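Position chain W relative to chain Z; hints supplied.
In order, the protein sequence lines correspond to chains Z and W. Per this note's numbering, the very first residue in the first sequence carries number 1; after that it's consecutive. Per this note's numbering, the very first residue in the second sequence carries number 1001; after that it's consecutive.
Hints in this document: simulated from the structure, not taken from any laboratory. Some hints could be false.
[Stated by the list, open to error] Simulated restraints on C-beta separations: (1) W:Ala1272 <-> Z:Lys107: 52 to 62 Å; (2) Z:Glu254 <-> W:Asp1232: 30 to 40 Å; (3) Z:Arg126 <-> W:Ala1227: 51 to 61 Å; (4) W:Gln1267 <-> Z:Asp27: 25 to 35 Å.
Being a predicted model, the structure only gives us computed values, none of them experimental. For glycine and all other residues, C-beta sits at the position ideal for the given N, C-alpha and C.
The chain contents come next:
There are 2 protein chains.
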Amino acid sequence: MRVYNFASGPAMLPLEVLQQAQAELTDWQGSGMSVMEVSHRGQAFVACAARAEAGLRRLLAVPDDYRVLFLQGGATGQFAAVPLNLTAPGDRVAYLNTGQWSTRAIKAARGQGLAVEVLADQASSRYTTVPADDSYTVPDDAVYLHYTPNETIGGVEFARPPASDRPLVADFSSTILSRPIEVSRHGLIYAGAQKNLGPAGVVVVIVRDDLTGHARPGTPEVWDYAAMAKADSMLNTPPTFAVYLLGLVLDWVEAQGGLEALARRNQAKAVALYRAIDDSGFYRNPVDPPARSWMNVPFTLADPDLESAFLVEAEAAGLTNLQGHRSVGGLRASIYNAMPLAGVEALIDFMADFAARRG
Amino acid sequence: MRVYNFASGPAMLPLEVLQQAQAELTDWQGSGMSVMEVSHRGQAFVACAARAEAGLRRLLAVPDDYRVLFLQGGATGQFAAVPLNLTAPGDRVAYLNTGQWSTRAIKAARGQGLAVEVLADQASSRYTTVPADDSYTVPDDAVYLHYTPNETIGGVEFARPPASDRPLVADFSSTILSRPIEVSRHGLIYAGAQKNLGPAGVVVVIVRDDLTGHARPGTPEVWDYAAMAKADSMLNTPPTFAVYLLGLVLDWVEAQGGLEALARRNQAKAVALYRAIDDSGFYRNPVDPPARSWMNVPFTLADPDLESAFLVEAEAAGLTNLQGHRSVGGLRASIYNAMPLAGVEALIDFMADFAARRG
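Okay, chain Z solo, but in the shape it has when bound (with noise of 0.2 Å):
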């Protein structure tokens, strides 16, 4: 029996996509092969890929001066890989910190020997609201403004991108795909897969081409975005069936209606969840509601040691994986994507049954 899923990431992906998956898994196209088999250089799997970037081309509308890439490494390597791309040491880059993702980004950003600017530090609000565009100001001489448009920790999100007079670079892991991106607003957009794009193993760069070409010298090739362009991704063996994978689950957002109407259901579910905790009494978030995120709901309970019951309680129901992260407690929904409003209405249902009960 297959359960409501709420994990951070990795993180539930569509059913539908499993199955094709599984139907086609030691024959693909055909082949007598595992797509994992076929070699990344022949004529099936470089249509796969190719079809994969035009997919999320489409749906994100991705201007043509920018390029789409497919590497290994997470978000985490394109931490160090975006300043080893863009900046040379000694540089001075502006970082916005939202939470704990910000935060190591900016530590990966110290690492490469740049002056970092942290503007707007939300830690004194205990990463609770994102920075109002008229409170910080953004160095002229910063080679980039990076932020984080959600953060899966406190589940503070970005509704629309920060006000910067510099490119933009934002890690969008935790919310790509889940409502249209103003792309063009962004010098550098990178997410790894493994909430809304597919399995773990593959993050997604989309650069625009003026950004590419200035890698400092020993930036490792496989990072090295204008030779990775120059490539097609395939300077070495791409993660073949994360790369797949991802194109199943882009054709399933495309049959879902794109962006537009997974953002509506998005919103839909996000409220309807925040409503039931904020109207219950009994659960609380304590994030500022204009910057509450879509995808990950923290919440905790009147009394934190009803949390194990509650935890075995919906473990039972078929409601899995809502614990908080580790760092903080308490806990969390994820409803990602692929999380069906049914899940968000029997999660609902546990919750207002479990107060009742226990309340």
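What follows is chain W alone, placed relative to chain Z:
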């Protein structure tokens, strides 16, 4: 219908492994979730990864003072990560050059600002043999000696590790698990998975403790051996599906009788194929017999104009991906662990028949 797939990598996987993955693709271990959907920090996946590490340690008899890491970025990523972890800029390192993969590793080391001594460059032999131990001297101040145990394009393999008083570093991507390895004679072994270990997307690093902890400032943390060892390779989200499948492949290797049994089978496959080539008067392999690879068997036809007919007819007979590497042309049969003896025999029969008809 499954085919005999002679691709050089990504390559054939054991059918039993694919079938198990297929059976549990939407519901892993009764969890109601795919292995791709579970948290890498959950008990089930942590146990899965630990079991894969234990299997690799057992099969390769890895000594206790070596760490086993599961990283991303492939062997090509390690071409840069090895210098970043083991050297400081300006250090001297030594490389044996036995073909195209050695050449790429050397280029990447030069990119990290090292004094690279290329010992025994086999370009003069057109990469058809490996250097004799007494044909080179490793400089006393070399941090390590790097070699490529098997070259997939030239089809050249070291039957045993080269002599060196300095730590040996080896790219075992295309021959790991094909026969026992003297791990303790090496300081560091790395291997991309997509030949004998599993699908593309995970690279195994086996490194002696004393070689970790010296990474250069700025080494990306996902490639910092000490940091990754401390985090059990989960400093960031690992490529969970690839690690899972690697574990299934290791189970399969044990079920085959381990590396001694696979070595006997691989040797028998290679001996039979080379004999068929040598005895044919129609096919030709240029490699010095003691250095012939057990994994990759390149060959040419007496009449190169017949190559495309050979490939078309072979494909029709269910023998696929026999074209040589694009850089050298000709034909090549890659016969990794998952290629059964029956597949090699079918190829030999086809080759004899083709030669009789066209020779």
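Here is what the structure says about each hint:
1. W:Ala1272 <-> Z:Lys107: 52 to 62 Å: Once the Cβ atoms are compared, 56 Å apart, the range 52 to 62 Å for Z:Lys107 and W:Ala1272 holds.
2. Z:Glu254 <-> W:Asp1232: 30 to 40 Å: holds, 38 Å
3. Z:Arg126 <-> W:Ala1227: 51 to 61 Å: violated, 27 Å
4. W:Gln1267 <-> Z:Asp27: 25 to 35 Å: Between W:Gln1267 and Z:Asp27, where Cβ atoms are some 30 Å apart, the hint holds.
Figure legend: structure checked against the earlier numbered hints; the only hint not met is number 3.
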